[in-house]
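Using the hints provided, position chain Z relative to the given structure of chain U.
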Amino acid sequence: MSAVDAAALTAWVREFARLVHEQRDALTQLDAAIGDADHGANLDRGMTAAVAALEATPSDDPAAVLKTVATTLIKTVGGASGPLYGTFFLRAAGALDGDDGRALATAVRAGYDGVVARGKAERGDKTMLDALGPACDALDEALGSGKPLGEALGAAAEAAAAGRDATEPLVARKGRASYLGERSAGHVDPGAASSTLLVQAAATALAGEG
Amino acid sequence: MPVGLVVVSHSRALADAAVELARGMLPGRELAVGVAAGDVDGGLGTDATAIADAVTAADSGDGVVVLMDLGSAVLSAETALELLDDDVRERVVLSPAPLVEGLVGAAVTAAAGADRDRVATEALRGLAPKQAHLGGPAGGS
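Those sequence lines, one after another, are chains U and Z.
Using the UniProt record's numbering, the first residue of the first sequence is number 1, and each one after it goes up by one.
Using the UniProt record's numbering, the first residue of the second sequence is number 1, and each one after it goes up by one.
Only chain U is shown next, with the shape it has when bound in the complex:
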């Protein structure tokens, strides 16, 4: 039986990197509207480096894979998404215990809690939490009702996308966008957009696992 092992997590990271690269300009455009116009470029640079780091030092320890991604993002992203995504992967690595869907959900939830703690933001502040939070809830709920991991991750990806879209009318309360006040409304949050890619990548890469 397949599992959420180091190879599966590496495939998730690769798929996320691929999506970020593909959406690089779109992410930067979102960030140009309310931020400092570097989110796509920063995250693309970080994820490209993360994939390279995993190739340079492959590991069969799943937690080590997530830790490598964390430290690489922290080192190479430069903007706020470095420590935020870095903390997500760092906390997920620390909480990963097992190679099934439940273990993945626990790790992802720990990562989400880490982003909450690091950014001191809440859902509704127009941040990546608006996509990651509903995704974690949907994943837990689907696994709790006995759905297979692939289906549960599909539900998580849908929840993330809905959360991302719901950031459009919101007024930003964190980060540079918060300086804009009411003028930040009417734009999708770039962090919520990239976080949705992270969940979509999991749904694609881990569909047959666990």
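None of the hints are false.
In silico EDC-like cross-links for lysine to aspartate or glutamate, where the CA-CA straight-line distance does not exceed 16 Å:
| id | chain 1 | residue 1 | chain 2 | residue 2 |
| --- | --- | --- | --- | --- |
| 1 | U | K75 | Z | E82 |
| 2 | U | K174 | U | D36 |
| 3 | U | K67 | U | D97 |
| 4 | Z | K130 | Z | E101 |
| 5 | U | K75 | Z | D53 |
| 6 | U | K67 | U | E55 |
| 7 | U | K120 | Z | E78 |
| 8 | U | K75 | Z | D41 |
| 9 | U | K147 | U | D137 |
| 10 | U | K147 | U | D100 |
| 11 | U | K174 | U | E122 |
| 12 | U | K75 | Z | E78 |
| 13 | U | K67 | U | D5 |
| 14 | U | K67 | Z | E82 |
None of these hints come from the bench; they were simulated from the model.
Using the frame of chain U, we list chain Z on its own:
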């Protein structure tokens, strides 16, 4: 040994200039100030691993006060705490003081041999003279 000081900034030039300014307030005295600033390519950005390294280098056992500019510098400084050894982490204070004013206050007290908490307190008070002079926190009448 004096309390260690570390400056975190998006910009290497900004950090170096802030340190130069603070050193200017300490004629005839040497004070080591660690700098973790800029991204890996020398552009604007912050790197929590570089901050963790700078804090470890600045720590002589008497504690470290970290001053930072804004935004991701704050997030990266907090992330750096997670990367430190437990014993070093316990000796670190992340100061919410404004970078330039806080650094000057911290440098003067650290060079005078004050302990970590005193240095952190003086950093935080760094804005007080300017506020008093210009008429309060809102920046004047």
